[in-house]
Amino acid sequence: MNFINKKLLEMDLFYEGTLVLKYHIEYPIICSNSARNFNNYNKCIAFNLRRKSENELYKEAVELYKYNKANGYPIMIYEVYRTFEVTFNSYNIVSLYADEYIFSGGAHGNTVRSSQNWNLLRGCMFPLESLFPNNSYFMINILKEINNQIASNPEIYFDNTCNLVLETFNPKSFYLIPNGIVIYFQTYDIAPYSSGIRTFVINYVTKRCYNI
86 MNFINKKLLE MDLFYEGTLV LKYHIEYPII CSNSARNFNN YNKCIAFNLR
136 RKSENELYKE AVELYKYNKA NGYPIMIYEV YRTFEVTFNS YNIVSLYADE
186 YIFSGGAHGN TVRSSQNWNL LRGCMFPLES LFPNNSYFMI NILKEINNQI
236 ASNPEIYFDN TCNLVLETFN PKSFYLIPNG IVIYFQTYDI APYSSGIRTF
286 VINYVTKRCY NI
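Quick note, the sequence shown lines up with residues 86 to 297 if you use the working numbering.
Hints should not be assumed to be uniformly reliable.
[To be verified] Straight-line alpha carbon distances no greater than 16 Å define the calculated EDC-like cross-link-like pairs of lysine to aspartate or glutamate that follow:
1) Lys144 with Glu164
2) Lys91 with Glu111
3) Lys92 with Glu111
4) Lys137 with Asp97
5) Lys229 with Glu252
6) Lys92 with Glu170
7) Lys128 with Glu185
8) Lys144 with Asp97
9) Lys137 with Glu111
10) Lys107 with Glu164
[What the hints assert, rightly or not] With beta-carbon atoms standing in for the labels, derived distance ranges:
11) Tyr152 with Tyr222: 48 to 58 Å
12) Arg207 with Gly157: 22 to 32 Å
13) Leu206 with Tyr186: 25 to 35 Å
These are calculated hints, taken from the structure and not from any lab test. In this text, a Cβ means the ideal position worked out from N, Cα and C, and glycines have one as well.
Please model the complete structure; the sequences and the hints are all you need to start from.
Below, the structure written as structure tokens:
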């Protein structure tokens, strides 16, 4: 198991003495020479988001502040909040997902999930298909299992979910857990906002991934 540190970039940004934007950006760092690519990749994501927050989003927040103040509307604070969760960490394999929440006015913010699946010894991420080297029908099997799980609780999903699963399925949207693979869909892909990010566990013997 690799020891993973949680690093944090955090700041409150003001305009005319009023808080208009705040950001909280977490990113992982592994204390190992074999994790150089992993560390550089995650540091780059975090610092790019900080740059976006302090420039592009801050400018938007200031404009919203001016508009709301001029029209007597409540002052709304932009929020940027990125967290990560390590879901698998054994030998040379690390899997995690990150949720990036941005509130820029309106009824609610939006959360986008991304994931990473790393072979640290090789210094690179591996794709979903590498977990099924001898199964050319793995994608069909995964989609069938997702639709079976949806069928057991259909009321929380949009109508015509079968087609939506096919249209919005992203083979990069997965991460490992000790007892399998989790496939996820973004908010609004297959269900309303109130249903959140939908996840589906696909049974898989994760010991196989050690040789990816």
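We went through each hint and held it up to the structure:
1. Lys144 with Glu164: 13 Å, holds
2. Lys91 with Glu111: 7 Å, holds
3. Lys92 with Glu111: 6 Å, holds
4. Lys137 with Asp97: With Cα atoms ~14 Å apart, Lys137 and Asp97 stay inside 16 Å; holds.
5. Lys229 with Glu252: Given pair Lys229, Glu252 holds - Cα atoms ~14 Å apart, limit 16 Å.
6. Lys92 with Glu170: Judged against 16 Å, a Cα distance of about 13 Å means the pair holds.
7. Lys128 with Glu185: Status holds; Cα separation ~15 Å.
8. Lys144 with Asp97: 14 Å, holds
9. Lys137 with Glu111: Holds. Lys137 to Glu111 sits at ~15 Å (cutoff 16 Å).
10. Lys107 with Glu164: Between Lys107 and Glu164 the Cα gap is close to 5 Å, so the pair holds against 16 Å.
11. Tyr152 with Tyr222: 48 to 58 Å: Holds, at about 54 Å.
12. Arg207 with Gly157: 22 to 32 Å: Because 58 Å falls outside the window, the suggested range is violated.
13. Leu206 with Tyr186: 25 to 35 Å: The hint (25 to 35 Å, Cβ to Cβ) holds, given that Leu206 and Tyr186 are roughly 33 Å apart.
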